Amino acid sequence: MDLFKIWTDKALIKAINGTPTERERALKYFFDNKSLKKSIENHIIKYGGTNQDFDDVWQDTLIIFDKNIRNGKFLGESKLTTYFFGIAKIHWLKTLGKKRETVEFELKDFGNDKNEPPYEEYDPELKIQLEPILSQIGEKCKALFLGYAEYSYEELATQGTLGNADAIRKDMYRCRQRLYKLFDAKPELRTFLKSLIY
Amino acid sequence: MTNEEKAYIEQYLDNKMTLAAQQRFEARLESDPDFAKKVDFVRLERVSIDLIFEQDLRKKMKNWKTQNTEGGVLKYKTAILTTLLLLGLGFLLYWLNQKHNNHENKQPASNQDTLPIQNKLRQDTTQQIVVPIANSKTLNEDSLNKSIDKNLPQPINKLKDLAIANYEKPNILASDIRTGSNHTTNEVEKIIADLFNNNDFKKLIIFLDKNPFEDKSYMNYLKGHAYFNLKNFKEAEINFKQALLTPNLERKERAFWFLSLSLLANGKKNEFLTIIQDIIKDNDGLYNKKAIQVKKSLDLNY
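Note that the protein sequences, when read in sequence, are chains A and B. For what it's worth, our numbering labels the leading residue of the first sequence as 3, then goes sequentially. For what it's worth, our numbering labels the leading residue of the second sequence as 496, then goes sequentially.
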């Protein structure tokens, strides 16, 4: 029962990179973290946000946090909750900047410190362009890609839902080729990549 | 794109190349458009995977939010239902209690066995019995409640148990009460008799305090009974002692008996035995048999 489980940062990182069940538990732990939620809510309200703003920032923060943990961007220089809060602060700063384009904001106004987490947002247009492609690759490919991030084919196979390792390997190859074919059909996609770090 | 090519590109993207390998990679990237396209595809693939994760997590968050909201609503619903249930139960108990009391109050005046305490005791013979008191509450009872409620409810000890078990409240007639020199029964006397016979002891004490009458001894005798029934045995003892200051021999005999029971209830066994010896000696006395019975019970059990 998660209710009684005491998570360490190490265990949380491992779980986020773990099986879908472990991952879900760890992320839900953050989602249900009332004190973290309250701190972020207070911060957003303090800097001109509303409850709706908080709701959006809260969800976006978990998305960015998850992405950073999965992609190894968290270097363990702070507690995970501090890291999470840092992402929320930057995200709100950027959101506010977009909302009030004429007003200049400085990070220091938001209590910024030297160890702010890396924050990378994909170009919204790139997301819009990729969405129809993702809907074309099918649910099985999506499931494979979800598992693919951290698992070997053998490990995926032991989870039991995707078939045996050889079949998974072949399916994964087919999915990737399908994806590349769809990318090929949309050459403009590549222009969005220039602003990306990787 | 082969798996090897993909692994090579990922090495670069993850900064896992030596500086020389990185330079060679970037040189090829500049000169080979096909290779550059492959690199972009791997990068797009990574973005796509992130988006698949994002879509998946957004779905999950939506579910969690619904679950939490439903859970919260369920908690509130449960709390409200529990409160209503408890209130309902409370009202039911109150109603039953009122019904029970009304039933007792309607018992005929000649019935000597209507004391609620005794009924309780007969139902429950265990040592630790919580004896509920009080019938109805009036607006003027607050001060009296303060002096009585601190004693209620309380477990009774064996001597108290024995005293209560042998207590029988006598019923009185309005004509027994003489509030003045006129021998015609007046309204005050009727009220006192009604309150006493209907076991409305709290009201009786308040009424007697506000309407003291000349025959103090009889007034104390009635108050003694009232306090005994309210389980305030200390006050009962005091009032029965004061009632003994009467020249009325029959009342004196009664007051002695009830004083002895008050002493017993207060745990004053020796004083009780002293008084009860006199009652036992009087073979024709009203409470002779009762006194013998209590003495025997006391000798056997305590």
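These are calculated hints, taken from the structure and not from any lab test. Certain hints may be false.
[As the list claims (entries may be wrong)] Here are the simulated BS3-like cross-link-like pairs (lysine-lysine), alpha carbons at most 25 Å apart as the crow flies:
| hint | chain 1 | residue 1 | chain 2 | residue 2 |
| --- | --- | --- | --- | --- |
| 1 | B | 501 | B | 533 |
| 2 | A | 142 | B | 557 |
| 3 | B | 501 | A | 183 |
[As the list claims (entries may be wrong)] With beta-carbon atoms standing in for the labels, derived distance ranges:
| hint | chain 1 | residue 1 | chain 2 | residue 2 | range |
| --- | --- | --- | --- | --- | --- |
| 4 | B | 579 | A | 84 | 42 to 48 Å |
| 5 | B | 571 | A | 101 | 31 to 37 Å |
| 6 | A | 23 | B | 550 | 14 to 20 Å |
| 7 | B | 513 | A | 58 | 41 to 47 Å |
| 8 | A | 57 | B | 579 | 31 to 37 Å |
| 9 | A | 79 | B | 541 | 40 to 46 Å |
| 10 | A | 16 | B | 515 | 30 to 36 Å |
| 11 | B | 515 | A | 172 | 16 to 22 Å |
These numbers were taken from a predicted model, which means no experiment stands behind them. Heads up, the beta-carbon is just placed ideally off N, CA and C, and yes, glycines get one too.
Structure-based check of all given hints:
About 8 Å separates the Cα atoms of residue 501 of chain B and residue 533 of chain B, which keeps this hinted pair within 25 Å; it holds. Of the pairs offered as hints, the one joining residue 142 of chain A and residue 557 of chain B holds, with about 22 Å between alpha carbons and a cut-off of 25 Å not exceeded. For the hint pairing residue 501 of chain B with residue 183 of chain A, the CA-to-CA distance comes to about 15 Å; that is within 25 Å, so the pair holds. Roughly 45 Å separates the CB atoms of residue 579 of chain B and residue 84 of chain A, a value that falls within the hinted 42 to 48 Å.
As the Cβ distance of residue 571 of chain B to residue 101 of chain A is approximately 34 Å, the hint placing it in 31 to 37 Å holds. About 18 Å separates the C-beta atoms of residue 23 of chain A and residue 550 of chain B, a value consistent with the hinted range of 14 to 20 Å. Checked against the hint of 41 to 47 Å, the pair residue 513 of chain B and residue 58 of chain A passes, with Cβ atoms roughly 43 Å apart. At about 33 Å, the beta-carbon gap between residue 57 of chain A and residue 579 of chain B stays in the expected band of 31 to 37 Å.
A hinted range of 40 to 46 Å is violated for the C-beta pair residue 79 of chain A and residue 541 of chain B, which are about 24 Å apart. About 34 Å separates the C-beta atoms of residue 16 of chain A and residue 515 of chain B, a value consistent with the hinted range of 30 to 36 Å. For residue 515 of chain B paired with residue 172 of chain A, a C-beta distance near 36 Å fails the hint of 16 to 22 Å.
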